[in-house]
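Number of protein chains: 2
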Amino acid sequence: MYKNQQLVEVCFSPRQFDLYKGQFDICVVIDVLRATSAICAGIENGLNSVIPVATIEEAAEYQKKGYIAAAERNGEVVEGFDFGNSPFAFMDPKLKGKDVVLSTTNGTQAINTAREMDVVVIGSLNNLNALSDWLIEQHRPVLVLASGWKDKFNLEDTICAGAIVDALIESHKFKSEEDSSIAAKFIYRSAKENIFSFLKASSHRRRLRRLNLNEDVKFCLTPNTSTCIPILKDGAIVKLEHEKIATQ
Amino acid sequence: MYKNQQLVEVCFSPRQFDLYKGQFDICVVIDVLRATSAICAGIENGLNSVIPVATIEEAAEYQKKGYIAAAERNGEVVEGFDFGNSPFAFMDPKLKGKDVVLSTTNGTQAINTAREMDVVVIGSLNNLNALSDWLIEQHRPVLVLASGWKDKFNLEDTICAGAIVDALIESHKFKSEEDSSIAAKFIYRSAKENIFSFLKASSHRRRLRRLNLNEDVKFCLTPNTSTCIPILKDGAIVKLEHEKIATQ
Chain P
1 MYKNQQLVEV
11 CFSPRQFDLY
21 KGQFDICVVI
31 DVLRATSAIC
41 AGIENGLNSV
51 IPVATIEEAA
61 EYQKKGYIAA
71 AERNGEVVEG
81 FDFGNSPFAF
91 MDPKLKGKDV
101 VLSTTNGTQA
111 INTAREMDVV
121 VIGSLNNLNA
131 LSDWLIEQHR
141 PVLVLASGWK
151 DKFNLEDTIC
161 AGAIVDALIE
171 SHKFKSEEDS
181 SIAAKFIYRS
191 AKENIFSFLK
201 ASSHRRRLRR
211 LNLNEDVKFC
221 LTPNTSTCIP
231 ILKDGAIVKL
241 EHEKIATQ
Chain R
1 MYKNQQLVEV
11 CFSPRQFDLY
21 KGQFDICVVI
31 DVLRATSAIC
41 AGIENGLNSV
51 IPVATIEEAA
61 EYQKKGYIAA
71 AERNGEVVEG
81 FDFGNSPFAF
91 MDPKLKGKDV
101 VLSTTNGTQA
111 INTAREMDVV
121 VIGSLNNLNA
131 LSDWLIEQHR
141 PVLVLASGWK
151 DKFNLEDTIC
161 AGAIVDALIE
171 SHKFKSEEDS
181 SIAAKFIYRS
191 AKENIFSFLK
201 ASSHRRRLRR
211 LNLNEDVKFC
221 LTPNTSTCIP
231 ILKDGAIVKL
241 EHEKIATQ
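The listed protein sequences correspond, in order, to chains P and R. The first sequence begins at 1 in our numbering and counts up one residue at a time. The second sequence begins at 1 in our numbering and counts up one residue at a time.
The shape of chain P in the complex, shown without the other chains (with noise of 0.2 Å):
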């Protein structure tokens, strides 16, 4: 066995991060239905940068002031805002070299959540690998925070969760001790030869459906499009450029 094993566990959702934080250097935060999904779409595109804010209000105040803003709650696109957290707005070519601000029902919120942690980084199943890669080379304590629906559980965040989890394990340099990890891991080693189809009962996946939101479902859902790995710095998500944070 490894002799210095590092941890990689499992938080169901923000409601529980102080349960589980204090250990842990690197924070991957994840909102697979959309949010995060967004956020490696855009920067992987061009984006200069995502401002997360938790409010309407806050993204709002950024619009006034010239900024593109985005905003979504319950899956729809907030009146008055650009777009919401559609991936494909976020390729918009136009966007390029741009900032955009984001305010979403469950991923900015965990964002926010996240951000006392020395290291926060945004995972989805499109930058699944190249992210994982990053934190075996780290070989830091990585925490996964999954968004969530309002607070609650979700599957298919558990499930990319979960992808990390198996790849950080199996590189044998990281362990999991927490029954959440073992459980998200466990499921997405269920659900990976089919992802679409084991979401097919989610919650989410109905919720998006009624929307006609099936299309931003199945980019969501692929895994590896992207090697991508955006980073919170100073309040804003931007591209990691591959230097070793630990040397930072």
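Hints listed in this document are in silico derivations from the structure and should not be mistaken for laboratory results. Warning: the hint list may mix true and false statements.
A pair counts as met if it fits within one copy or between any two copies, since identical chains are not told apart.
[To be verified] In the PhoX-like style, the derived pairs of lysine-lysine whose C-alpha atoms are separated by at most 20 Å in a straight line are:
id, residue 1, residue 2
1, K98, K64
2, K175, K200
3, K152, K175
4, K65, K192
Owing to the predicted nature of the structure, the values given are computational and were not obtained by experimental measurement.
Please build the complex by placing chain R on the supplied structure of chain P, with the hints as guidance.
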């Protein structure tokens, strides 16, 4: 499809209870290792009642008044108390007809959290089929509350909760909409052929193995050794007499 399906959902920890409550009539509290298994064993074996209290201090107060009092923290009997939450202690023939005050790390906290619901019953793997059959008979919305470990998710309570969801949904009289319930059912179905081995990696199994409590674990993980349904009445857990709750 059955026309008037009722909800059965799973809440992974007392900390999440307020997010789920509200729309349910019956709460099933589960702490497989070991509080609710011990309560089932005690009531099945002739205890008059178990009085659940949150703190060690309350348990000590009852003890001063002459009650038999049991208290467990972190898997161990609290000094000065008659016993902890081992099911075998609750099956002692000398306890027949007696009332036992109990305070544990997780289970009695969860029971206290659930108190505000119309009906609170005690679930374990030991009384799985009897309890599920009774719940189906009631045909009212059911919330299964896992006690977890210090407000965190745990695997053994999730498996038991999933087993109840599975049985209720199989009756076609119930449905689940929450992702937590879907995940619990899925984990139960994967684990059910050999729960003991499935839980080998779980955090609480490790904890109890260190304390030489493997016999307790085996007892608690054996389904359907009891037909007893303990129910909370006026602050004490007593044996449910099989009248219909709905007609009370």
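Hint check:
1. K98 - K64: For K98 and K64, only the intra-copy Cα distance (16 Å) is at most 20 Å; the inter-copy one is 70 Å.
2. K175 - K200: between (30 Å within a copy, 15 Å between copies)
3. K152 - K175: Classified as between; 18 Å across copies, 25 Å inside a copy.
4. K65 - K192: neither (44 Å within a copy, 58 Å between copies)
The structure fails hint 4 only (numbered hints given earlier).
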